[in-house]
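Going down the list, the sequences are from chains X and Z. So the first sequence is numbered by the working numbering: it starts at 590 and just counts up by one. So the second sequence is numbered by the working numbering: it starts at 590 and just counts up by one.
One should not assume that every hint holds.
[Claimed, not checked] Straight-line C-alpha distance at most 30 Å; calculated DSS-like pairs for lysine-lysine: (1) K683/Z / K884/Z; (2) K908/X / K940/Z; (3) K874/Z / K908/X; (4) K745/Z / K940/X.
[To be verified] Examples of chain Z residues lying across from chain X (beta carbon under 8 Å, computed): (5) S597; (6) D769; (7) K852; (8) S854; (9) T858; (10) G861; (11) N883; (12) T885; (13) P888; (14) L916; (15) T926; (16) L928; (17) I956; (18) S967; (19) E985.
[Stated by the list, open to error] Away from chain Z, derived, C-beta distances all over 12 Å, residues of chain X: (20) G650; (21) S680; (22) L739; (23) T774; (24) G904; (25) L916; (26) L928; (27) K940; (28) I956; (29) S967; (30) N981.
Derived by calculation from the structure, the hints in this document are not laboratory data. Fair warning: this is a prediction, and the values are worked out from it, not measured in the lab. Ideal Cβ positions, reconstructed from N, Cα and C, are used throughout, including at glycine.
2 protein chains.
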Amino acid sequence: MSEYRGYSGMSLTLLKDCKAKVGDSVKVTGELTYTGILMPRYEYNDDEHIVLKLKSGYNVGIEISEIKKIEVLSLNEIKKETPQPLPKNASLPKVLLLSTGGTIASKIDYRTGGVTPVLTASELHATIPELSEIANIDTEVLFSEYSENLLPQHWKKIAERLDSYAESDYKGIVIAHGTDTMQYTASFLSFALAGFPIPVALVGSQRSSDRPSSDAALNLVSAVRFVVECSIRGIFVVMHHNESDDLVACHLGTRVRKNHTSKRSAFQTIDGDPAFLILEKKIQKNLNYEYFKNKTYSPKINYDASVILVKYYPGCDPKLLDTIIELGYKAIIFEGTGLGHIGKTLYESVKKAKERGLFLGMTSQCIDGRVSMTVYESGRDLLNLGIVPLSNMIPETALVKAMWALGNTRNIDDMKNLMLESIASEITG
Amino acid sequence: MSEYRGYSGMSLTLLKDCKAKVGDSVKVTGELTYTGILMPRYEYNDDEHIVLKLKSGYNVGIEISEIKKIEVLSLNEIKKETPQPLPKNASLPKVLLLSTGGTIASKIDYRTGGVTPVLTASELHATIPELSEIANIDTEVLFSEYSENLLPQHWKKIAERLDSYAESDYKGIVIAHGTDTMQYTASFLSFALAGFPIPVALVGSQRSSDRPSSDAALNLVSAVRFVVECSIRGIFVVMHHNESDDLVACHLGTRVRKNHTSKRSAFQTIDGDPAFLILEKKIQKNLNYEYFKNKTYSPKINYDASVILVKYYPGCDPKLLDTIIELGYKAIIFEGTGLGHIGKTLYESVKKAKERGLFLGMTSQCIDGRVSMTVYESGRDLLNLGIVPLSNMIPETALVKAMWALGNTRNIDDMKNLMLESIASEITG
């Protein structure tokens, strides 16, 4: 069965007719002619395409209806692929590629046909020869997790690992990471490693390197180029930018959000332009301020996850807030409506939370724009109840910052001050 | 003090020097010359501007530094303003303007200087003479609440009131509503009043009619024009569109989101273009399908608010889910990451929720795009646990729909079917 993994219906019939199996090197003749390795497909894909991996590493989907002929050139080429270590070039700078998992570090599992995180960083960069022209890359696999399974304890491990390289001879560090929670990790690293001396770029991909129009190679090459060429302190997220095939954006780690479930250009800088744009070998800088408030490196790697994010909506139950207090949470980040509001039905519970000493911060579910709690009565009421307006900090960043601040301060006043201070561009404008 | 309400520093000094008080009709000479009524300001505004209400109803902010002279023309004009009933014109269609509160139905309170919901719908339309050229407008104040204080029980009251007009001679109904939770109300009305025979337009404003560059009049006039000219069934949200001063967008009520805290163009259609664009008297239609799945009007106005929205993030506590189950919630709408994921640490609690018979629906915190739970292992695991993927329904709409579905079905299978069926364009493409 695995010889035709993922193919069904029309595409399966065609492959059987031509005696071409997954892993074979084939020549496909149609409107255009392609030579490459026949790739497995997802279980749930349509039956109107086959996918070839071209010599360039790019995967192309070819419509069955356009195919005139498929010739098998050689059998089962996949097994012959063994990763080669990259050639080292003493004149190039050194970069560390730290892998945590995610789509960028995964490929289709030839046994199951599913996408699983199995590719090590060393395999990954061996498949992208351009990398060896930019830097000498050391690779290290920290873990192999999809990012929806990463927890604050993983953030801490990544931060500790980066900290151990603070005085190394690396020009920069690239972190391969799943896209689902990349912005949360980027925020934690920004606060925990404030002032980190070399650039750090988190990079992911929306389509694995085995899929047609994968953004894995482009994003990774761009991330490596960015940390090599831009001697800037900061934690950035490097991802495909827009509908074009070759433009990559480099976002501030505390101001970026995954705003689309599937597009390659899913990541956007909130309330501003991307810090850098990368088009092939050219890097354009838009950022006109320092990422970190302080130039000196002062790591604070602790956290306390006793923080909860509450998105307000009509009917949001005061009992829920009461329960949060009972469960021992130490801070609540509200995603209020509009300029930073929650309904009157919650006021009594908010009072209780305040009396128990919880930190209460306000962000907006609008995502774009700034909370402003002095314009309307509701906002002024909430200020009086002790809720702290967090300016234009995006909700996810505020949540991570609160976890970090709780882990690194001794009392709620210190925490409040830390929350209001912009440490890593989390508050702008 | 209220004679200079909201003015301080430089602006207060200037007004005192010129003996001009809030409410006086004044002539201000500078680079340009303005005649109008001196308006009060917000407590927290800068001291570098004064605000005049011009004859046209438009409020203008004038920089102190540009003012050469202020002459008082007559004292305390505000008290002389009394709303006049609109002239009726038998040849024009009838429209009902239902007021629920919000910025569009509020003005600066001359006693306190704050913005409060005090303007009745009849006062409101008396200040906008254009309205009488478009329609004969009946007004009705349902309540006067900022929308952050509206609850599902208010949605029900609005729906019942609309239902009572289903067979009236109104050409359409306009609902003045606060912007903070307008999208939630629009969603509820869409499900509760599926197939409602005449167009309904919710309209709000980001800046009250007393403020400079208020969008109140433009949005209201456009909403009335829309329901008069477009004989279309549907629940729409009519708001300022973009940076231009005169373009208004008309969004599908189930697919719109407030995406900016303060801009007039805060509302956006998710995953698509606005259904209509309104430029002065011209209405351009982009919508090429029916809003409601069924053409017949079949109101179902109940709800059950035992639904909770849980936004997933790293560190999201399984204890919280367990508590939600204990509290007796009947449905959970997840705002997962990416294509619709939550971390493995929650799996056991999800299993428990499923065993207890809760409905579990998945949306994405990315907001744009569609959940797809067959691509990755995590998604497939969650499908196996019984979580229902809700396509491209936006999280807030899914929450409201779940409350509505719970109130109108007898068992979880019916509810699941209802959630997966697109009733009012909540699932598209």
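When you look at the beta carbon of G904/X, is every beta carbon of chain Z farther off than 12 Å?
4 Å, violated
Minimum Cβ separation between N981/X and chain Z greater than 12 Å?
8 Å, violated
Can the hint on T858/Z be confirmed by a CB-to-CB distance to chain X that is less than 8 Å?
Since chain X brings no Cβ nearer than about 15 Å to T858/Z, farther than 8 Å, the hint is violated.
Evaluate the condition: distance from the CB of L928/X to the nearest CB of chain Z exceeds 12 Å.
Violated, because the least Cβ-Cβ distance between L928/X and chain Z comes to about 5 Å, which does not exceed 12 Å.
Interface hint compliance - E985/Z to chain X, C-beta minimum distance less than 8 Å
Holds - the Cβ of E985/Z comes within 8 Å of chain X, reaching about 7 Å at its closest.
Is the nearest CB of chain Z more than 12 Å from the CB of K940/X?
The claim stands: K940/X keeps its Cβ more than 12 Å from every Cβ of chain Z (closest is about 17 Å).
Verify the proposed pairing of K874/Z with K908/X, using a straight-line Cα cut of 30 Å.
45 Å, violated
Is the shortest C-beta separation between S967/Z and chain X less than 8 Å?
5 Å, holds
Return the status of the interface hint for D769/Z: holds when the least beta-carbon distance to chain X is below 8 Å, violated otherwise.
4 Å, holds
Can we keep the S854/Z interface hint, with Cβ of chain X closer than 8 Å?
10 Å, violated
Going by Cβ atoms only, is L928/Z closer than 8 Å to chain X?
5 Å, holds
When the nearest CB of chain X is found for I956/Z, is that gap smaller than 8 Å?
Holds, because the Cβ-Cβ distance from I956/Z to chain X comes to roughly 6 Å (cut-off 8 Å).
Violation of the numbered hints given earlier is confined to hints 3, 5, 8, 9, 10, 11, 12, 13, 22, 23, 24, 25, 26, 28, 29 and 30; the remaining hints are satisfied by the structure.
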